[in-house]
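Could you use the hints to bring the two separately framed chains together as a complex?
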Amino acid sequence: MRLQGRSICPGRAGGEALVTHMPISFYGGVDPESGVVVEPGHELEGLSLAGRVLVFPSGKGSTVGSYVIYRLKRAGLAPAAIVNAECEPITAVGCIIAEIPCVDHIPLDRLHTGQRLVVDGEAGSVEIVQQQEKDPT
Amino acid sequence: MELTPEEQAMLAGEGGPATRKAMQILVALGTIYGAQRMVPVTSVQVSGVSYDNLGQAGLEFLTEMATGGGRARALATLNPAGVDVEEPQPLGIGDPFLTNQRRVLEAYTRMGILSTCTCTPYLVGNLPHFGESIAWAESSAVCMANAVLGARTNREGGPGALAAALTGRTPAYGYHLDEAREPTLTVLVRARLAGTSDFGALGKVIGEHLARRPERPVPYIRGPESASLEELKSLCASVATYGSVALFHIEGITPEADCMTPPKETLTIGPEDLARARSALSDAAPGEVDFVNLGCPHLSLREIAHLADLLRGRRVRKEFWITTARPTKQMAERMGYAQTITASGAKFAVDTCCVVAPIRGRFTGLATDSAKACAYARARHGLKTRLLPFEAVVEEALR
Numbered sequence: 009m010r011l012q013g014r015s016i017c018p019g020r021a022g023g024e025a026l027v028t029h030m031p032i033s034f035y036g037g038v039d040p041e042s043g044v045v046v047e048p049g050h051e052l053e054g055l056s057l058a059g060r061v062l063v064f065p066s067g068k069g070s071t072v073g074s075y076v077i078y079r080l081k082r083a084g085l086a087p088a089a090i091v092n093a094e095c096e097p098i099t100a101v102g103c104i105i106a107e108i109p110c111v112d113h114i115p116l117d118r119l120h121t122g123q124r125l126v127v128d129g130e131a132g133s134v135e136i137v138q139q140q141e142k143d144p145t
Numbered sequence: 380m381e382l383t384p385e386e387q388a389m390l391a392g393e394g395g396p397a398t399r400k401a402m403q404i405l406v407a408l409g410t411i412y413g414a415q416r417m418v419p420v421t422s423v424q425v426s427g428v429s430y431d432n433l434g435q436a437g438l439e440f441l442t443e444m445a446t447g448g449g450r451a452r453a454l455a456t457l458n459p460a461g462v463d464v465e466e467p468q469p470l471g472i473g474d475p476f477l478t479n480q481r482r483v484l485e486a487y488t489r490m491g492i493l494s495t496c497t498c499t500p501y502l503v504g505n506l507p508h509f510g511e512s513i514a515w516a517e518s519s520a521v522c523m524a525n526a527v528l529g530a531r532t533n534r535e536g537g538p539g540a541l542a543a544a545l546t547g548r549t550p551a552y553g554y555h556l557d558e559a560r561e562p563t564l565t566v567l568v569r570a571r572l573a574g575t576s577d578f579g580a581l582g583k584v585i586g587e588h589l590a591r592r593p594e595r596p597v598p599y600i601r602g603p604e605s606a607s608l609e610e611l612k613s614l615c616a617s618v619a620t621y622g623s624v625a626l627f628h629i630e631g632i633t634p635e636a637d638c639m640t641p642p643k644e645t646l647t648i649g650p651e652d653l654a655r656a657r658s659a660l661s662d663a664a665p666g667e668v669d670f671v672n673l674g675c676p677h678l679s680l681r682e683i684a685h686l687a688d689l690l691r692g693r694r695v696r697k698e699f700w701i702t703t704a705r706p707t708k709q710m711a712e713r714m715g716y717a718q719t720i721t722a723s724g725a726k727f728a729v730d731t732c733c734v735v736a737p738i739r740g741r742f743t744g745l746a747t748d749s750a751k752a753c754a755y756a757r758a759r760h761g762l763k764t765r766l767l768p769f770e771a772v773v774e775e776a777l778r
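Going down the list, the sequences are from chains A and B.
Counting from 9, one number per residue, gives the positions in the first sequence under my numbering.
Counting from 380, one number per residue, gives the positions in the second sequence under my numbering.
Isolated chain B, as found in the complex (with noise of 0.2 Å):
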């Protein structure tokens, strides 16, 4: 790879350890995915946050590098944690994941990465703009970065996003040329969608669809007449869910589909395979569910508000958790949304979500309108699950 001075310096030591180390990964990542320069980036999303995934052995790396003198040189936040860091008693996790998941959440802070905790980065103040290059972890953002906003980043994992937060820099392959973003089928939706849990059962058909593809084709769909960020958001986190999907283009919808023209190959979606999508992710038979969660990904104001109106006097019946960003909650919070939703038994889980929280083993059958949430209750926690729209999740609480 060809470097620039202040990159070889990094490479060298002369930034100190952790960026040494930083630039390393970026020159190895880069080597194996045949970068020929790094990119610089202004924007960061890191991944490996929950302890759960991390275990001591990350913390320990995590904690090196902030002593190794690590300082975000991009604006960095943070994926979700294992627990709501400052409110844990009412979700029932304590100590000593408490602990250990504070520690983690100091050494990023240390090294100066905004401790949001959010799989949104792009609703609490890192939202970058079309074609900017940038290095996000979190599969579901980098779908919403590549596809929704136009932005440009690969799916990178904890270690290389960490690593481009501490130099500014990413290896320039993949989706941050415009050949990797081309669209190579046309995925034709010949059914009515309403709502994320439809649009995240779409995103079912499509990823399994393209999981089997070895060349991963970039899909171009036509067919949604319109698309509510909420609705993009489940589409994102599912696609990447069950097809490690980091780019689509929607017909009118995202801002890069207007300049590409339709691949010719065209794999078309009928209500039926939406159908069987749904009916894979239901297996727990209604008098099973004992959980439920909305918040997948982290809720945005528009959904608490519809969420306090459902549940204005009246009485959830089991574990339900809203799981959102913090400054999301708090400007529920003045709007008077949160006060409604805990008044109904409902818990705020703020800071973390059902993908990353220690709950194996808790429950038994989670309600969601997440696609995304299904695939990791049943693989992570081992859960039975049912995928229902935002309201019948409501519904199901409130039963």
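Chain A with its partners taken away, still in its complex shape (with noise of 0.2 Å):
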């Protein structure tokens, strides 16, 4: 299934999704040296960002966290590919200056965690190529 949304930053990149419905923001809510998030009582925190296609509703916080998606990438710890509901600046220039592909205008009710995307920053689509496996309960 493909969802078509607005493109952000060019680039394709497709990986295991993570979703949380809560706002993230890169600094101080993400530890740069690890790509985990601290943020205390965030649905992610503990989680690990690295190669993620990371889907969250929009950015918040300081400007500084462009730098900080930068470094996460510089070190081999960003998420793959980045999937919002409806994008800010922080996301979107941290997304451009690390080459991170990102789509925007997705609905995020159709998108879980587990699941295997594949993000089209060019064409601003999603597309869901499995389903995630059948939860075991």
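Think of the hints as simulated: they come from the structure by calculation, not from any bench.
20 Å max Cα-Cα, derived EDC-like pairs, lysine to aspartate or glutamate: (1) A:Lys68 - A:Glu53; (2) B:Lys697 - B:Asp669; (3) A:Lys68 - B:Glu594; (4) A:Lys81 - B:Glu443; (5) B:Lys763 - B:Asp669; (6) A:Lys81 - B:Glu439; (7) B:Lys726 - B:Glu774; (8) A:Lys68 - A:Glu51; (9) B:Lys763 - B:Asp662.
Short derived list, chain B residues pointing at chain A, Cβ under 10 Å: (10) Lys400; (11) Leu408; (12) Thr410; (13) Gly427; (14) Leu433; (15) Gly434; (16) Gln435; (17) Gly437; (18) Phe440; (19) Gly536; (20) Gly539; (21) Ala542.
Glycine included, every Cβ here is placed at the ideal spot set by N, Cα and C.
Okay, here's the thing in structure tokens:
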């Protein structure tokens, strides 16, 4: 299944979805040394963003967050791609300077952690290549 | 967005990788904010200069852009750095910070961006005219450009401003368009204002009111009969700090006010509101002040001349930083003001300021005439503050 949104940053990448319905502050909310979410009480607290297709509604916080995204990329700890409901400048600029494909205007309720996704930043689309493995419960 | 052939060529990489990345940033920002096209810009003020803000990642990004052939296509100047890069010793800031800071400036210089290192570009040769489209970062300067000069800019972030410098473009939305510049709230000031600290307190009251309103009204201020350049820069810095305000009009003072109608809805500000703002920024007991600063935003020559008069033949007893732009200090040296000030024991901190210098943990309480400096001293450096009139700040340093 293919979801059509809007192009924010070109490039094509795939990976396992990591989905949250909470906004993310890259500056202060993500540890640039480890790529792990450290914001207390965040749904993704303790989880690594590295190599995942990170799905969240919108960014928040300081504009220094753009450089945190760049730093994660340099360290090999960045998400493979980013999908937003509504992208804002911190995430957009971070994706462009770090060369991470990014799309927005995607209905996030169709996406779940564990799905395999391919993001086409140029076309502004997200393809669900494989639904998540069946929950053993 | 509709791009011209030249803009499309930049996006396709014909101007090299740095120009391509810059155009990608502008297209993304334009997409997010619903711009239909780009507008050419003739003047840029770039933030993201202090290594304390940029860190290693920011330095690497700037180096990549310089190496990737980035070259300024508009007059572009820089915000303050984290240290006086020519005379760092008196400020107690050394390596590795100093070396990293110099690398940041080197990357900008390679791109043809002028290392003015000041938040008052309009005092050192970057002075856009009425109606000119520009792309400025540095919130106090944004407000000066929009409100006082009548130029047109949004509140750019560091990378957005850099991208504008390297392409000579910015997306046409927000304050570039006529409709966003119309005032939507009258602010009636029923109090006498004297000096920079009063105008800063007023900025805090207005800014905090506007920050609570999601529709972000543009204020039309009535009441002040006059305002000096220095009072206006203090007001701009404060209203931007406390309310992210990018534009206001003052009846009889700022250039667009005359052709605008005062909005019906009115917020009235009285002396008690200003007193509350002053007191909220004065939690340091007199004995707790061990750091004194004038120059947020950077001091003008008129302020430095006045300061020299106040310090002549006297001796300061606290760490006292005079933050200003290097060209301003050079003129102060020619006039003998700088020598008088230095002889008192006060220190010039050129290229930098108390907002972006790495001073956390060194001091307990700051005395200043700047409401903006108070906000950053508290939030960023963990200091208590005292907001005082300019002359009283000098007295505090002498005490």
